[in-house]
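**Q** Chain by chain, the residues:
There are 2 protein chains.
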Amino acid sequence: MTGLSGSGKTTIAKELEKRLRERGLKVEILDGDIVRTNLSKGLGFSKEDRDTNISRIGFVANLLSRNGVVAITAAISPYRSVRDAVREQTERFVEVFVDAPLEVCESRDVKGMYAKARAGEIKGFTGIDDPYEEPLAPEVVCKTAAETVSESASKILAALERGGYIPSSAEQAAAV
Amino acid sequence: MTGLSGSGKTTIAKELEKRLRERGLKVEILDGDIVRTNLSKGLGFSKEDRDTNISRIGFVANLLSRNGVVAITAAISPYRSVRDAVREQTERFVEVFVDAPLEVCESRDVKGMYAKARAGEIKGFTGIDDPYEEPLAPEVVCKTAAETVSESASKILAALERGGYIPSSAEQAAAV
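So the protein sequences, as listed, match chains A and B. All residue numbers for the first sequence refer to the working numbering, where the first residue is 4 and numbers rise by one. All residue numbers for the second sequence refer to the working numbering, where the first residue is 4 and numbers rise by one.
No lab work stands behind these hints: they were computed from the structure. Please note: incorrect hints may appear among the correct ones.
A pair counts as met if it fits within one copy or between any two copies, since identical chains are not told apart.
Said to hold, decoys possible - Dumping the calculated DSS-like pairs for lysine-lysine here, alpha-carbon to alpha-carbon at most 30 Å:
(1) 44 / 126
(2) 17 / 29
(3) 158 / 126
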């Protein structure tokens, strides 16, 4: 998943995780903050460091997904080129654009980060004084200002089924 | 696995991977060099950077192993404290000391690194001018100067079985 801070990536990730586990699938969420602590401590928020962070997440997600674990990544991932590079290197990949208008993300301001960015206390904040490059051809777009979390998760599940990455609910029912 | 450069970690890892795959198990090798490229680019060989590298490997190995993938790690991992920290954080953990005398590792000098370290071209090389802290209570010790690769792999397989981390060969035979 890619999208602005506050767009709803983590919320969707948790709902998606629940729904996948209900189907008996293995799931790991690689959340931006957890990854920053465990894989990317020391990296900042320059383009180079952000790209390195996303490459690492992609490396780990590929290790998991090629072993049958659904790896849900939830980092802002603002740059198109590194997202496309990860897509190339990943055997099983679905790009989800978590698309909410900046005004909506800013009004949510879950972590109080937008206020700090507007006050100039944080520099290089995506959407304020750092770029966000929207995906050109994501497999899924979740318009989180206009749809429920459940709807967003359902769209992603459908894309995973279409790609043949998880069994369809019909196949699952038949197997039971 | 922990041990000096040239002690045989990667060779054992590959043999172990083959034997585990023959049993139908999922396996990933997190080799020191691959990890340095994909997870730890920018880190050097100070104690702090080495510890960070090992923590990251441990984090990824735990993600894999708790999802049923055998994660074989093969980095020098010279410091006891971070190895023990990873052990604490990992649900399913077996420590293998790949134990070959420095003279043997140096005479093998697969990558030509010992020669460079002796010539002073590389600083902080484990075993030459950087410490290696032997494990105090590893689950397995592989004396690679005195045993075959196949024997080393068999000892590790037996430890994995004893720990209940993989089915025993007897259980597997019964299931067929």
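**Q** State for each hint whether it applies.
**A** Okay, the hints, checked on the actual structure:
no.: 1; hint: 44 / 126; verdict: both (18 Å within a copy, 25 Å between copies)
no.: 2; hint: 17 / 29; verdict: both (13 Å within a copy, 26 Å between copies)
no.: 3; hint: 158 / 126; verdict: neither (34 Å within a copy, 54 Å between copies)
Hint check: a violation occurs at hint 3 only; the rest are consistent with the structure.
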